[in-house]
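Chains A and B supply the protein sequences, listed in that same order.
Taking this note's numbering, the leading residue of the first sequence gets 1, the next gets one more, and so forth.
Taking this note's numbering, the leading residue of the second sequence gets 1, the next gets one more, and so forth.
You may find that some hints are simply not true.
[Said to hold, decoys possible] Beta-carbon label-pair distances, calculated as ranges:
id : chain 1 : residue 1 : chain 2 : residue 2 : range
1  : B       : ALA245    : A       : GLY398    : 39 to 47 angstroms
2  : A       : MET303    : B       : GLN45     : 37 to 45 angstroms
3  : A       : ALA146    : B       : GLU8      : 49 to 57 angstroms
4  : B       : GLY326    : A       : THR98     : 49 to 57 angstroms
5  : A       : ILE424    : B       : ALA11     : 42 to 50 angstroms
6  : A       : ARG445    : B       : GLU42     : 43 to 51 angstroms
[Unchecked claim] Listed next, the in silico SDA-like pairs over lysine to any residue satisfying Cα-Cα at most 25 angstroms (straight line):
id : chain 1 : residue 1 : chain 2 : residue 2
7  : B       : LYS259    : A       : GLY442
8  : A       : LYS150    : A       : GLU384
9  : B       : LYS259    : A       : GLY446
10 : B       : LYS341    : B       : VAL187
11 : B       : LYS259    : A       : GLU430
12 : B       : LYS252    : A       : ARG445
13 : B       : LYS252    : A       : GLY446
14 : B       : LYS259    : A       : GLU384
15 : B       : LYS252    : A       : GLU438
16 : B       : LYS252    : A       : LYS150
17 : B       : LYS259    : A       : GLU438
18 : B       : LYS259    : A       : LYS150
Hint data in this document are derived by calculation from the structure and do not stem from the laboratory.
Just so we're clear, the structure is a prediction, and the values are computed from it rather than from any experiment.
By construction, the Cβ of each residue, glycine as well, lies at the ideal position given by its N, Cα and C atoms.
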Amino acid sequence: MADGPMQHRRRRLHLSHRRRRRHRHRHRHRHRHRRRKVPETPLAKDHPTTTLAPPGALWKIPSVMDLTFSPQHEAFRAEARAWLAAHVPARPLPSLDTAEGFEAHRAWEHTLFEDRWSVVSWPVEYGGRDVGIFEWLVFEEEYYRARAPKRVSQNGIFLLAPTMLEYGTEAQKTRFLPPMASGDEIWCQGWSEPDAGSDLAGIRSRASRDATGQSWILNGQKTWASRGAFAEWCFGIFRTDPEAERHRGLTYFLIAMDAPGVTVRPIPQIDGETGFAEIFFDNVEVPEDQVLGEVGAGWSVAMATAGSERGLSLRSPARYTEAADRLFGLYASRGGPSASADAVAQAHMDAEAYKLHTYWTASRVARGHAVGPEASCNKIFWSETDVAIHSAALDLLGPEAELLSAGAPGEWLDGYLFSLAGPIYAGTNEIQRNVVAERLLGLPRG
Amino acid sequence: MDFAFTEEQEALRAGVRVVLDTECTPDALRAFDMADEAARAEQSQNRWAVLAELGATALVVPESADGLGLSDVDLVGVLEEAGRAGLPEPLLQTAALAAPTLTALLPDPAAAAALAALVHDDVSFAVGGIDVTPTGPASPTEVSADGTLRTPRVEGARNAGVLLLAVRDADSGWQLHAVPAASCTAVHTPALSASRDLSTVQWPLTSDTLLAYGVAAEAAVGLLADRAAAGTAALLIGLADRMVAMSAAYAKDRHQFGKPIGSFQAVKHLLADARVALEFARPATYRAAWSLATAQPTLSHDASMAKAMASDAADLAARVALQVHGAIGYTWECDLHFFLKQTWALSRAWGDAATHRRLVLAQLRAR
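Assemble the whole structure, with the sequences as input and the hints as a guide.
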C-alpha cells in the first residue's frame, strides 16, 4: 500500500553524525556558558539569532507515517458510496432469521454480487475484485455508513472462504466460492456440540470411511449453528481418529444440508427468532472431495478460520464507528445524564481505537508481515465495545428502551441483544483472555 | 495509508531504550529516591547530558536551529521509552513542549534565545501555568498585589534553565512567557513520587520575557495543552507496558499451591485485561503524534482521545500490577512503586481520563 509522496523519502537520522556536530556546538559555546547553570543575564541578549531559523521555517517535516487514504482509495470509496446509494434498499429488510427475511437477504447478496461488491477482496475468478486490505476496509466503512443489510452469507464469505483459499483444492475453490459469493449457497458453521463449546477439541461427532473408501460417514450432533435453519451448506469438524490425541484426529468437512441423514432443529434465540439450529447427522455420506485440508488436520484448519473470525475479517471497525456515531446522534438529540456523556465519549473512542488498531495491523499485513499474536486482543475489545455502545443507547432511551418498536428504539434493542452474543461466540472472552495471557504475555497454561 | 514507524524510527527508539536501560535503571531510581536535593540534581544533570548528547532533547528542533529536524512521530517512541524507564527528568517539557512551541514562535528574539539555550546549552525546561479542565485550558497562575505571579505545581522548575509560564487575565486573556530560572523563585512542594519535582514558582511579569499574548498566546496555550496530552499519553503507554511486563514476569516466577501464580485464570485474566487496554491505547497515542506532526484539524480531539485512553490503560495496568505482585508490590523493596507513583501522577496530569472524555465530546459536538 504505497501511499503519499513521503513514502519513499529517506529519513536522515545519523545519531553518530549528530553527536559530532553537537560536540562542535558545545565547544563553540562553552566559553560563554557554564554547563547546566542558568545564564545570569537574560538569554535574549546573550545569543545572536543569526544562526536560527528564518521566519516560516519548515519545522514540521512530514513523517513517512500516513493516516490518510490515497487518491486511489478515495476513488474506490466514491465508487462504493455511489453504488450503495443507488442500491441499498430504502426500507430495512425483514430479519434474516425468518424464512422470508433470509430470502430477501439472499437476493441482496445477489445484487451485490452482480456488480462485484459482495467479496471485493477475493480473486476476480471467484467473483471478487482482488483489492487489498485497505480497499476492503474502505468498502466496509461505506457499507455500514450506508446502513446496508446484514450479510446473510457472512459465515461463508468471512469464516470459511479465507480457510478455503488457503487449504482448499482448486476444484473446491471453483466449485464452492462463486455460489458463496453470489448468495446462491449460504453456509452455516458446524463446530460446537452440546458438550464441546469452549472446549472445542472435545467434540465427539465422528466420521469414518465407508466400505469403498471413497466417502465418509458422519454421525453426531452440532449446535448453535447460526443460519443453520435455512442454509444450504455446513462446514464442520468431525473426529476421524478416535485413538489420536484430541487435537489430532479431527477432520474438516463440507456438508450439503440436504444430504440424506441431516436433520435440522431450529432453536429460537433470545429474540424469539430462529437464528440458531441444532444439526443431527445420522449416517450422512460425504464424498472424499468435500474434506477441506488434510484428513486429521482439522484442528489447525479450523483454527485458521478462528483466526480470521477473531482477527481482521469478521468484524470490520466500520460496524462500531457507525454505531458509535449513531449513539452520539442519539445523545446529541436527547441529552442525558453525565454518566451517559462519559459512556458516549468512551464508545466513540473505543470504536475509533479499534479502527486505528485495524489500520495498524492492516499496515503490517500490507507490508507482508503476519497479523501477529496481538490480534488475540481484538475479539475481547470489539465484543465489549459493542455491548457498551448498545447499553449506552438503551440508557439514553430510558423507558422507551424495552419497546419492540419499528425504527430507532427497536433497532437499538435489537442491536443490544445481538451485541450480548459477542462475548460468547467465536471463543468466549474468557478463552480469549487465556489466549492473550498465554500467547502474548507468556504465562503458563493452567 | 501506512500506519507504521519507519526502520529509522524503530532504531531511534531502540537506541534510546538501550541508553535508558543503562542510565535509568531501577537501582538508579532507588538511589534518586533516597538522595538529597543536591545528589538528585547531580544524577539528573548527568542523565540529562546523556540524553542531550543523543539529540533526544532537540529532536523536533529544525536543523536550521541546530536540532535534529525530526517530527513528533519520531519523538513519540522516545517518550514511550522515557515512560517505560520511569525517567525523572523533564524530557516531555523540554523536547515535546518547549522545543516545538519556541520553534513556532521564531524569529521572536525571546523564543530564539530560549531555543538556543535548549539546543546549545542543553538546559532543561519547565512548563507551568496551564491546567487542562473539561472546558479547556485554565491558568492556576495567581497575580499578587505586588505584581509578581505565583504558579503552583510546576514540574522540574528547580533544575530548569528556562521556564515556560502562562497566566490568564480575565480582561487581557492569555500570556505566555519564557522566564529564565534566575528570575524565578521555586519553592518545592513534596509529591508522592520523588520523580515528580514540583514547585510553586514566583516570577515577575515583564515584557522582556513575553513570548505571546492575546489570540496568539491562546492558540499557543491550546496547542501546548494538546502537545502535553499527547506526550503524556506516550509516557503512560511506556509505563503501562513496563508494569504489565514486570507483572507477567513476576506471575511466571512466583509460585503458590505448587504452581506459578500466572497459571491461574484469576491472575491471567487481570493481566489480559491490562494488556488489551494497552493494545488499543497505543495506536490512539501514535495517531495523536501523527496529528501533531502533520497539524491535522482533528489534533485536539486526537490528543484528548490518546490521553483518555492512555490514562485509563495505565491506571488499570497499575492497579493490576500491584494486585499481581501482592504484598511485595506494596513495599519499597520492589521496583514496582516507582512506576505506580509516576502513573498515578501522570494519569491525572494535563487532564485526567474523565476530563479528556468531555473534551472529546465537545470536539464531536463541534464537528
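Proposed proximity, LYS150/A with LYS252/B (alpha carbon, max 25 angstroms): violated (44 angstroms)
Pair hint outcome, LYS252/B versus GLY446/A [Cα-Cα no greater than 25 angstroms]: holds (12 angstroms)
Holds or violated: LYS252/B to GLU438/A, with C-alpha atoms at most 25 angstroms apart: holds (11 angstroms)
Hint check for THR98/A and GLY326/B - Cβ pair distance inside 49 to 57 angstroms: holds (54 angstroms)
Whether the CB-CB distance between ALA146/A and GLU8/B falls inside 49 to 57 angstroms: violated (41 angstroms)
Cβ distance range 37 to 45 angstroms for MET303/A and GLN45/B, holds or violated: violated (55 angstroms)
Given hint GLU438/A paired with LYS259/B - CA-CA distance at most 25 angstroms: holds (15 angstroms)
Holds or violated: LYS259/B to LYS150/A, with C-alpha atoms at most 25 angstroms apart: Roughly 47 angstroms separates the two Cα atoms, so the pair is violated.
Distance restraint evaluation - ARG445/A, GLU42/B, Cβ atoms, bounds 43 to 51 angstroms: Since the Cβ atoms of ARG445/A and GLU42/B sit about 48 angstroms apart, the hinted range of 43 to 51 angstroms holds.
Restraint status (C-alpha distance of LYS259/B to GLY446/A at most 25 angstroms): Between LYS259/B and GLY446/A the Cα gap is close to 9 angstroms, so the pair holds against 25 angstroms.
25 angstroms Cα cutoff - pair LYS252/B, ARG445/A: holds (11 angstroms)
Pairwise beta carbon distance, ALA245/B to GLY398/A, judged against the given window 39 to 47 angstroms: holds (44 angstroms)
In the structure shown, a violation is registered for the earlier hints numbered 2, 3, 14, 16, 18, in ascending order.
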